[in-house]
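Trainee: One-letter residues, chain by chain:
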Amino acid sequence: MSHTKPTHHNGDANGYDPDNPHGFTYVDHGHHIMSGRTLLLVLLALLAFTGLTVGAAQVETYMIEVMGWSIPHWANVIIAMSIATVKAILVVTFFMALKYDNPLNTIVFLFCLFAFAIFLSFTALDLGNRHRVEAYRAPQISAGGTGVNLTRKTGEVNEKGEPIVENIVGPIAGYVRNVTIEEKGADYVKKKLAEKHPHHEEPVGPSRSRPQRGLSGALDEHAPASDAAHGGH
Amino acid sequence: MTSIPTQHDHQPSPGDPSAPGWKRYVAASHFRSAADEFDACKLGFWLFLATEVLLFAGLFCAYAIFRMMYPEAFAAGSHSLDVKWGGLNTVVLLISSYTVASSIRCAMLDKRFWLHVNLIITLVCAAAFVVIKFTFEYGPKWAEGKRPGVLFDYPLWSHPQEPIWWSVYYCATGIHALHVIIGACLLAWCLYRSVRHKAYGPTHYTMLENSGLYWHLVDLIWIFLFPLLYLIH
Chain A
20 MSHTKPTHHN GDANGYDPDN PHGFTYVDHG HHIMSGRTLL LVLLALLAFT
70 GLTVGAAQVE TYMIEVMGWS IPHWANVIIA MSIATVKAIL VVTFFMALKY
120 DNPLNTIVFL FCLFAFAIFL SFTALDLGNR HRVEAYRAPQ ISAGGTGVNL
170 TRKTGEVNEK GEPIVENIVG PIAGYVRNVT IEEKGADYVK KKLAEKHPHH
220 EEPVGPSRSR PQRGLSGALD EHAPASDAAH GGH
Chain B
1352 MTSIPTQHDH QPSPGDPSAP GWKRYVAASH FRSAADEFDA CKLGFWLFLA
1402 TEVLLFAGLF CAYAIFRMMY PEAFAAGSHS LDVKWGGLNT VVLLISSYTV
1452 ASSIRCAMLD KRFWLHVNLI ITLVCAAAFV VIKFTFEYGP KWAEGKRPGV
1502 LFDYPLWSHP QEPIWWSVYY CATGIHALHV IIGACLLAWC LYRSVRHKAY
1552 GPTHYTMLEN SGLYWHLVDL IWIFLFPLLY LIH
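Protein sequences, first through last, are from chains A and B. Mapping of the first sequence onto the numbering used here: residues 20 to 252, in sequence order. Mapping of the second sequence onto the numbering used here: residues 1352 to 1584, in sequence order.
For the record, the hints were derived by calculation from the structure and aren't laboratory data. Heads up, none of these hints are tricks.
A few chain A residues facing chain B, derived, Cβ under 10 Å:
#: 1; residue: Ile52
#: 2; residue: Ala75
#: 3; residue: Ala99
#: 4; residue: Lys106
#: 5; residue: Asn124
#: 6; residue: Thr125
#: 7; residue: Gly147
#: 8; residue: Thr170
#: 9; residue: Arg171
#: 10; residue: Ala192
#: 11; residue: Arg196
Don't be surprised by glycine CBs; every beta carbon is placed ideally from N, CA and C.
Kindly produce the complete structure, drawing on both the sequences and the hints.
Mentor: And the structure:
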């Protein structure tokens, strides 16, 4: 059902056509009407891939936490992102109909993804390698927000009707915990944390992720170190 | 092969009040044809979608960088999200993407009743997405104190950088939810115009097509946000 646009050849003696002054010979292939069957199959494929990616994540969690296998940290990322990419290609190709569309629209979209890739990779290269490039400046640099010495409104007012502002010294997370410890006692917090991590184990093996920071690590300069080991299980 | 008209066959009858809106539509005078106008509008919309992708690129970049710096905090934060609600919202958005693609197909085939049915299902899905998001995710999390940045008030954190995770989570899903609401408004406007003016049919459906593209982009962003936030620990 290709629908061809007739090109204009009704110019004057010099070949000049006022309806088509630039002499375009662009042939449009009409606008494709997607078959209902294709759309439905694409939807079913997308739902199946959603089930697959959820299932893969659950299987992986099970293998790590119950069977104690060590699965490389990146395997999870690669599997989930590959499935997401396949789903995205299905949506763009069929639902957004780029397959049947003017190729210029596809070029616009791909160029945008290219810009995204540059954005992401150069930022990662920068932050991931500062310590290599300028190691000698490490002690002087405190890049990024430090997250310390904040103020915030408590929501209460003093006798003059002005909002009470509290000063937060140190990172917000440590401050919040200290306030709770002051109010309810250290044992309460310890008990609650133990309930939250019933099978707490120290992370072991090369599969566990570990913090990597360059010179922008100022965010956790003043973080309480003792409880950090609870993370990421 | 088929007698279904496209934009190339568009012969407007603006003076005929009994004709449906899509037959009365007259392309702007600076375009050679309705088909050229359609292509130009669509190219313009794809350029806009490229800027939308770059808007979300900033959020994805923030996710990537902070995850690179504090993988344990991101693992801990990701664990406190419920895959059940994220997965349900994925299914809801995929179904709505399918119904939008179907509604455009129905416009091209001049099936107005099914065009309306598909758009109504899409709007129901959009409402379901937002309700699930606020009732079962934002609401309880916010009440527990799992909030972004300086608003963070959850003493039982597992990693001192969890406020950063919550900042990324609320920014990414919040801006996405805003897009869901905007997309639903566009599609509701399309539905109104179709019901009231019979605005969309085989030879003119530009507004519906572009609103549909916007909706698919919202779906596309969620396809990546879902595994990044809910599945990758």
